[in-house]
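A.B. asks: Line by line, the protein sequences give chains F and S. So the working numbering is basically just the index in the first sequence, starting at one, shifted up by 51. So the working numbering is basically just the index in the second sequence, starting at one, shifted up by 386.
Just so you know, these hints were derived from the structure itself, not from any lab. Treat the hints with caution; some may be incorrect.
[What the hints assert, rightly or not] Okay, derived cross-link-like pairs now, DSS-like style, lysine-lysine, Cα gap no bigger than 25 Å in a straight line:
#	chain 1	residue 1	chain 2	residue 2
1	F	404	F	222
2	F	312	F	300
3	F	161	S	420
4	F	247	S	403
5	F	301	S	420
6	S	476	F	299
7	S	476	F	117
8	F	312	F	301
9	F	149	F	135
10	F	247	F	161
11	F	414	F	106
12	S	403	F	300
13	F	117	F	106
14	F	192	S	476
15	S	420	F	327
16	F	135	F	303
17	F	301	F	106
18	F	117	F	149
19	F	222	S	403
20	F	106	F	161
21	F	413	F	222
22	S	403	F	312
23	F	327	F	106
24	F	327	F	247
25	F	117	F	303
26	F	299	F	161
27	F	303	S	476
28	F	404	F	192
29	F	413	F	135
30	F	327	F	303
31	F	404	F	456
32	F	404	F	414
33	S	403	S	420
Chain by chain, the residues:
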Amino acid sequence: MRVSAPRFDAIVVGAGPAGSVAAYTMASQGMRVALIERGEFPGAKNVFGGVLYRKPLEDIIPEFWKEAPLERKVVEQRLWVLGKDSVVSLGYRSARFKEPPNAWTGQRAKFDAWLAGKAERAGAIPIYETVATSLIRDGEKVVGVRTDRDEGDLYASVVIIADGVNSLLAKSLGVHREWNPDQVSLAVKEVLALPKDIIQARFGVEEGDGVTIELVGETCGMAGLGFLYTNQDTLSIGVGVMVSDLRKKKVKPYQVLDGIKQHPEIQRLIAGGETKEYAAHLIPEGGFDAMPPLAGDGWMICGDAAQMVNAAHREGTDLALLSGRLAGETAVACHATGDWSAGGLGAYTRAVKESIIHRDLKKYRGLHGLLSGPQVELLFGALPQALNDAVYEMLSVDGESKRDKQKRAAALLREAAGGTAGLIGIGWRGWRAMNG
Amino acid sequence: MSIEDRLYAVRYRVDDKSHLTIRDQAVCETCPTKACEWFCPADVYAWDAGERRILVAYENCLECGTCRIACAEHNIEWTYPTGGYGIAYKFG
């Protein structure tokens with residue numbers, strides 16, 4: 052170890068939600084913290100669908116919404132099951148989502164920059180535009196990071212790895228394998244500019260209020276979901292499909308997005324929107340069984356780098372915020388005792404186990420198997436279409452008796468699922484996957 | 387909307403050296419699928435039939451990491467661009 056190399060209590064790699072909250076938590080308690088970020092600014096590399104929940108960050112920064120850059124309060128959430136030229140929709144709207152807000156739409160380049168700023172103001176030392184290229188070890192113990200700056204070695208008692216889904220550092224620890232193509236989805240997204248009043252009229256909301264629409268179907272038979280969210284004067288539209296399915300189909304990711312954008316019911320909502328940005332990002336969707344060990348001698352892993360995403364509920368940012376807090380709090384406790392060993396940092400693993408991160412991902416642990424199994428084309432292709440056709444049958448008045456219509460509608464669903472046993476089987480597997 | 391128009395909307399600070407490297411072009415030559423030609427969301431990879439090699443337009447890379455995981459031959463060396471370079475989202 053060079054004597055001149057800077058030494059910190061903690062180094063956080065990645066100024067996304069997990070890293071910035073970890074840095075904020077530690078710096079607020081007087082620890083010497085370095086916050087490393089490879090982007091031009093915190094958030095420059097970060098993408099999400101667009102929903103931020105209140106609770107996880109409120110626990111750390113009370114009433115953060117009074118100063119954070121957010122878009123619209125989510126007052127209505129819709130689920131759209133798409134057929135070729137139709138949609139079966141389900142929605143929930145409540146004024147109870149307004150005061151205090153349950154969630155907002157947001158944009159990560161803005162939000163993450165703000166959150167990292169909070170960590171800086173709490174005393175964390177920003178080291179941005181810097182790549183942490185490898186971990187420095189002393190035997191088994193992680194003692195620092197090497198960066199791509201000249202004389203860029205930094206040392207600390209603990210390194211918090213929060214560098215996202217492509218965590219080369221976590222991989223270099225050797226505690227888990229590379230993600231399999233069925234453990235990650237690729238999401239592509241566009242931000243479309245539209246005047247506020249048009250957004251409000253089309254989505255039926257007032258100033259400051261917003262809508263989210265999750266989209267099932269029309270993903271070329273790939274396991275995946277689309278989304279359309281309202282921001283202040285932009286819309287976020289995107290689709291995520293499992294990388295293993297993408298590799299099989301000869302369809303480009305942006306062609307899947309184009310298909311969704313051209314759907315007549317979506318076209319109606321986005322018409323006239325000018326594309327301001329195109330983005331792509333991986334989503335770790337391996338779930339509970341893909342989570343790597345979370346802590347060891349001198350290190351902890353947070354957020355996407357640890358596969359902390361609840362794909363069924365579009366939750367990732369909130370789990371990252373929570374894991375960052377738990378890692379930060381663990382480091383504060385270890386700082387007090389001076390025990391930075393795997394045993395001391397193991398308190399983080401226990402805290403995650405007791406939190407909703409572990410409990411929710413465990414509940415859905417079967418989902419990964421369901422979505423990477425042979426029934427994908429059925430679940431994301433044939434069934435959504437059959438549901439649309441069945442509803443069409445039921446709602447068309449054409450001289451046929453309701454009894455016959457009902458039969459035909461049921462037959463459409465049954466056929467799509469490969470018979471009654473198939474339909475029951477799908478239902479059962481779906482139930483098990485979400486209640487494992 | 388074409389991919390060119392899409393990428394035109396994206397802000398980059400382009401590094402002068404590539405952060406994406408084909409480990410062995412001979413592997414690409416015998417690759418039966420050349421799946422990188424369609425799974426990349428920015429069309430970074432293209433098979434050049436004349437030169438018998440995969441061309442890498444790293445300047446357009448959105449740094450998603452799909453190629454790192456999806457190349458069945460593990461033939462793409464994927465690293466981060468130099469600190470401060472590469473994609474810089476305005477919205478994200």
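A.B. asks: Each of the hints needs a verdict: does it hold here or not?
C.D. replies: So, going through the hints one by one against the coordinates:
no. : hint          : in the structure
1   : F:404 - F:222 : holds, 22 Å
2   : F:312 - F:300 : holds, 19 Å
3   : F:161 - S:420 : violated, 37 Å
4   : F:247 - S:403 : violated, 42 Å
5   : F:301 - S:420 : holds, 10 Å
6   : S:476 - F:299 : violated, 32 Å
7   : S:476 - F:117 : holds, 22 Å
8   : F:312 - F:301 : holds, 19 Å
9   : F:149 - F:135 : violated, 34 Å
10  : F:247 - F:161 : holds, 19 Å
11  : F:414 - F:106 : holds, 20 Å
12  : S:403 - F:300 : violated, 32 Å
13  : F:117 - F:106 : holds, 14 Å
14  : F:192 - S:476 : violated, 38 Å
15  : S:420 - F:327 : violated, 31 Å
16  : F:135 - F:303 : holds, 19 Å
17  : F:301 - F:106 : violated, 41 Å
18  : F:117 - F:149 : holds, 14 Å
19  : F:222 - S:403 : holds, 24 Å
20  : F:106 - F:161 : holds, 19 Å
21  : F:413 - F:222 : holds, 23 Å
22  : S:403 - F:312 : violated, 35 Å
23  : F:327 - F:106 : violated, 30 Å
24  : F:327 - F:247 : holds, 15 Å
25  : F:117 - F:303 : violated, 41 Å
26  : F:299 - F:161 : violated, 35 Å
27  : F:303 - S:476 : holds, 24 Å
28  : F:404 - F:192 : holds, 24 Å
29  : F:413 - F:135 : violated, 34 Å
30  : F:327 - F:303 : holds, 20 Å
31  : F:404 - F:456 : violated, 50 Å
32  : F:404 - F:414 : holds, 13 Å
33  : S:403 - S:420 : holds, 24 Å
The structure does not agree with the numbered hints 3, 4, 6, 9, 12, 14, 15, 17, 22, 23, 25, 26, 29 and 31 stated previously, though it agrees with the rest.
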